[in-house]
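**Student:** In order, the protein sequences belong to chains A and B.
The first sequence: position 186 = 186 (the numbering used here), numbered continuously.
In short: position in the second sequence from 1, add 1000, done, that's the numbering used here.
Everything labelled a hint here was simulated from the structure, so no lab data went into it.
Every residue gets a Cβ at the ideal spot worked out from N, C-alpha and C, and that includes glycine.
Warning: the hint list may mix true and false statements.
[To be verified] Chain B residues, not near chain A, derived (Cβ > 12 Å throughout):
(1) S1090
(2) R1197
(3) L1226
(4) T1260
(5) I1293
(6) I1296
(7) V1335
(8) L1360
[Claimed, not checked] No more than 25 Å apart at the CA atoms, straight line, and that leaves these computed lysine to any residue pairs for SDA-like:
(9) K84/A with I1313/B
(10) K84/A with R1328/B
(11) K115/A with R1328/B
(12) K1009/B with M111/A
(13) K115/A with L1012/B
(14) K84/A with L1012/B
(15) K1009/B with D136/A
[As the list claims (entries may be wrong)] Computed Cβ-Cβ distance ranges for the label pairs, DEER-style:
(16) L1289/B with D124/A: 35 to 45 Å
(17) N1300/B with D221/A: 47 to 57 Å
(18) R1396/B with T218/A: 25 to 35 Å
(19) P39/A with V1288/B: 52 to 62 Å
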Amino acid sequence: MYVLESADKAYTSRRGTVHALRSVSLEIPKGSCVTITGPSGSGKTTLLLTLGGLIRPTSGRVLFHSVDLGGLSDARLAQYRNQKIGFVLQTFNLVPYLSALENVMVPMMFMHRSKNGLAGRARDLLGRLGLGDRADHLPRELSVGQQQRVAIARALGNDPEVILADEPTGNLDPRLATEVLDTLRELNEKDGRTVIMVTHSPEAARIGNRKLHLVEGTCQDGALPGTVAV
Amino acid sequence: MRLRTILWKELLLRKSRMISGLLAITLGIAVIVGIQSVSDVSKRAVAIKLDNLGSNILVLPQAASVDDYYSADIDAPTFPEDYVERLATSMLPSVDNLSPKLTRRVKVGGVPIILTGILPASELASKPIWQSAGLAGDELALACGTSPEIKEGPSYVDEKLQRKAIDTLAPTEILVGSVAAERLRLSDGGTVLIEGRQFQVARVLPTTGTIDDSRVYAHLHVVQELLGTGPQVSAIEIMGCCAAISDGLLGKLRNILPDTRIVTIGQIVSTQIETNRLMAKVSVILLVLIAMIGSISIANYMWANVEERRREIGTFLTLGATRGSIYRLFFAKAVILGLLGGICGYVLGTASAMVLGPQLARLSVEPVPIYLLWSLGIAVAIALLGSWYPTYRATRLDPASILQEV
Ligand SMILES: Nc1ncnc2c1ncn2[C@@H]1O[C@H](COP(=O)(O)OP(=O)(O)O)[C@@H](O)[C@H]1O
Ligand SMILES: [Mg+2]
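Given these sequences and hints, build the entire structure.
**Tutor:** Structural data, given as structure tokens:
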């Protein structure tokens, strides 16, 4: 599904140039559950956002179903993020003045012209994540674990093929972290979605059937035995 | 949920900052609406005064005294009647009714009256107060009274009207002012001997409260004959439409008739006209200032708003919002702010004008609904102007680097 061909990403600022990704080449088949580990600053987030169409590689190509993301217009990329990707972020990024239900509806709203039926679908998603009775609560009225589950429900809003999660358990205690990991595994195994998760924790990395390790922007592929080789 | 749900919820979330951001626009619009409402009434008051005074320009011989507009023609020296023709053929715009007069004090049976020769059509048309008495027909409808800018009504060169009007005041008929009628004990249809000639009273005129009440009007050419002046007149009254007076009409008239003296009743209302003009100027200056201050204050508010919503905007962009949706979100917000500022400004301005108008200018002010539209339009334009750059910045935010921020 994803093919990276020597993708490079360099951040250039007044303080100089940082090479966040160095010639990363890899292939991620549909339906895999990939974990990305690596020290802080090794380029994990950069890799994830590149896959998510938020960062264009400085050189090299990122193909999604053979389409070069770098060649898409801004509007097309927005559409790609909206319809193909579900983002789950470490800081949840819920909109503070919208209820749980409305937060879940945000990506749906950007996709659908007709707003009919969106609320029902959002309610179903919240129900699936065990938040059926919290739909009308504001984010600050929810616990962190509940907030992260709202964020996951939001990621599922447009029934995306891919879930991109950047340290989704980073702000959660172990019990809640396990819950979120279970949910992600379920999304991969039951729904057949491709899940790509950045994490610090070796615990969390265990859910992956494909493990990538980044060091200073270089990718080391630690594919588990039995996984389809690249 | 729609974009406007987001819009409203966000607006209500940060009410107090929004209100302070709107203050400049609201107060600005209020000041303009207030000034405009008061000066509207004031202008109308001037127009009414001009109207009630009848003709508002008087052409007199050079030597005439002009202490009192209304008696200036009495016993004044004379000038040739064909000056009327000169004016009529000059094609000056805004000069509607030319009314030549020849006036002398005479005694009728020992009672002093003012005998004034007029050309009836033009004389009647320039005296609105007489029209209400039914003396002037529809054809003589007055130009200045209702809408000062319409240039219709009879003129001296209109043969048909002139003849018709002359028909209505036959050489043997007179119109008698109310005071003169009382002194001479005359009523409609009565007869009187003036300078040896018998006249019939066509009508006793309603009281005007001016010296006109002491006048007896006869046909100009009859009066010229009676007094033996030849084709001379002592004054020409001109209905120069109100706004035209300030547009240099007087100067143009002086060019046409250089050896005459041209006065207006402007003296009576000039202070008010001055004030109106000043207010109009102040309004324009204020409008510019307010547009500047209002848009800076909105820009300031919007800038802060975009700053504090960076993460939110980044999230929207991450989740698939296009730059177009971000533009829509912020411009719609600007429009709402503008509408709010416009409505509040209009209400505040109108209310203050209604309270202060009677106290400061002895004018009673009514709300002017059309100013609501103006207020809304101007306030929305200011809000959009102020929001332009902050919104542009919002659409340029890079979601990836916002997500990288901790
Ligand atoms: N917007 C940016 N501008 C400049 N440098 C950046 C930016 N984002 C990340 N970097 C740098 O790129 C490198 C990789 O960052 P990141 O992908 O966030 O690493 P990780 O997620 O593994 O901690 C780091 O050195 C970081 O400082
Ligand atoms: Mg990171």
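**Student:** Given the hinted pair K115/A and R1328/B, is their Cα-Cα distance within 25 Å?
**Tutor:** It holds: about 17 Å lies between the C-alpha atoms, which stays within 25 Å.
**Student:** Checking one constraint from the list: CA of K84/A to CA of I1313/B, max 25 Å. Satisfied?
**Tutor:** Status holds; Cα separation ~20 Å.
**Student:** Holds or violated: are the alpha carbons of K115/A and L1012/B at most 25 Å from each other?
**Tutor:** holds (23 Å)
**Student:** Does S1090/B really sit off the interface, with its C-beta more than 12 Å from all C-beta atoms of chain A?
**Tutor:** holds (68 Å)
**Student:** Is 35 to 45 Å respected by the C-beta to C-beta distance linking L1289/B and D124/A?
**Tutor:** violated (56 Å)
**Student:** Take the C-beta atom of P39/A and the C-beta atom of V1288/B, compute their distance, and say whether it sits inside 52 to 62 Å.
**Tutor:** For P39/A and V1288/B the Cβ distance comes to about 59 Å; the hint holds.
**Student:** If I take the minimum Cβ distance from I1293/B to any residue of chain A, is it greater than 12 Å?
**Tutor:** The claim stands: I1293/B keeps its Cβ more than 12 Å from every Cβ of chain A (closest is about 29 Å).
**Student:** Does K84/A pair with L1012/B here, judged by a C-alpha cut-off of 25 Å?
**Tutor:** With a Cα-Cα distance of about 33 Å, the restraint between K84/A and L1012/B is violated, given a limit of 25 Å.
**Student:** Run the C-beta distances from V1335/B to all of chain A and say if the shortest one exceeds 12 Å.
**Tutor:** holds (20 Å)
**Student:** Just checking, T1260/B versus chain A, shortest CB gap more than 12 Å?
**Tutor:** holds (76 Å)
**Student:** Is 47 to 57 Å respected by the C-beta to C-beta distance linking N1300/B and D221/A?
**Tutor:** holds (52 Å)
**Student:** L1226/B clear of chain A by more than 12 Å, beta carbon to beta carbon?
**Tutor:** holds (90 Å)
Hint compliance for this structure: hints 14 and 16 are not met, and every other hint is.
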